[in-house]
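Assemble the whole structure, with the sequences as input and the hints as a guide.
2 protein chains.
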Amino acid sequence: MVNELRTATGAGLLDCKKALTEADGNIEQATTILRKKLGAKIDKLSSRSAKEGVIESYIHVGGKVGVLIEVNCETDFVARNDDFKAFVQDLCLQIAAASPSYVGREEVPEAELAKERDIAASQVQGKPPAAVQKIVEGKLEKYYSTVCLLDQPFVKIPEKSVKDLLRDQIAKTGENIQVRRFVRYQLGS
Amino acid sequence: MVNELRTATGAGLLDCKKALTEADGNIEQATTILRKKLGAKIDKLSSRSAKEGVIESYIHVGGKVGVLIEVNCETDFVARNDDFKAFVQDLCLQIAAASPSYVGREEVPEAELAKERDIAASQVQGKPPAAVQKIVEGKLEKYYSTVCLLDQPFVKIPEKSVKDLLRDQIAKTGENIQVRRFVRYQLGS
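Quick note, the sequences are listed as chains A and B, same order.
Counted from 1, the first sequence has number 91 at position 91 by our numbering; the numbering is strictly sequential.
Counted from 1, the second sequence has number 99 at position 99 by our numbering; the numbering is strictly sequential.
Where hints are given, some of them may not hold.
Copies of one chain are not kept apart here, so a pair can be met inside one copy or by any two copies together.
Under the rule of at most 25 Å between Cα atoms (straight-line distance), these lysine to any residue pairs were calculated in the SDA-like manner [stated by the list, open to error]:
id, residue 1, residue 2
1, K156, A23
2, K127, Q186
3, K18, D43
4, K37, R184
5, K64, K172
6, K44, F154
7, K172, G63
8, K160, L20
Just so you know, the hints here were simulated from the structure itself, not pulled from any lab data.
Since we're looking at a predicted model, the values are computed, not measured.
What follows is the structure in structure tokens.
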């Protein structure tokens, strides 16, 4: 049970045991406890400086699509870790397959966002303003999950977002990890 | 001798034989004849549309430098050719090692060029205007050979420029070949 919890949350052995005791052996409840605890830890780690890392690439079979990415972490030790490398390769696959345009929401240009907002609003005319706003926000969320790498569902495990994947890595390594930049080339486009 | 000529110029068997006859067996003269002939052919090929090709990447040992490139040719047949692939890999190595900023001169922004011209001019004050212009042009050529991929000396054979390498490929394949774009990531910079 402790191992199951560790795999699911990436938390340490001791934390998992504690959470299980606190939850009277209920694994779902223990997961929630750990997620909350880890969330605070991850938020704290996310503000730390990350200047090491790797440049990685992926060329899809046939050589018509290629990806180059830079992912930063805090130490060269983590950068050379196999699990971290596998994570970076997963990001490359994700970008090749799902073709995001930006790393995160903060990169979407204001003009693009205004355009999306207009399109969304024009599709829900004739409803009460409060409902319109809610629908527009929902459509924007959908837009983010299409164009932003971190907001996309992870192609290998669609129930997780890429951001979840990133937070798992931060929890596992105990270091801040950041996708700094990427580029995707498709032949002739 | 014919083989030597073919390797040096990339010209066909028949053309090499003809050129040797025309040059009375003088290989240097035959090379010049072929280069002129090929030059015209290459110039003609260079205007043709090139929409096939490959995306290729290179990650330098240690994962701190990476390159992604798109090179176009006319047919998928050439794109899958080993010699063409080796050429593209050479371009990746070149970019990783020599860190160019642009593919060719036409990509250098006008403002950059004006800045370089100013710097060059300020270094040669007090000379006759004709001499100044010549020196400035020389310094600009030097600048191009630093920042433009095609103008750079090829790292593996510095007597050749990357453009020479490209023209060799055009001659060998009989197709127009173009470096469409590339990007070079260096960790943290």
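Checked hints:
no.: 1; hint: K156 with A23; result: neither (31 Å within a copy, 65 Å between copies)
no.: 2; hint: K127 with Q186; result: neither (41 Å within a copy, 51 Å between copies)
no.: 3; hint: K18 with D43; result: within (21 Å within a copy, 74 Å between copies)
no.: 4; hint: K37 with R184; result: neither (36 Å within a copy, 39 Å between copies)
no.: 5; hint: K64 with K172; result: between (34 Å within a copy, 23 Å between copies)
no.: 6; hint: K44 with F154; result: within (24 Å within a copy, 47 Å between copies)
no.: 7; hint: K172 with G63; result: between (33 Å within a copy, 21 Å between copies)
no.: 8; hint: K160 with L20; result: within (24 Å within a copy, 68 Å between copies)
Consistency note: the structure conflicts with the earlier hints numbered 1, 2 and 4.
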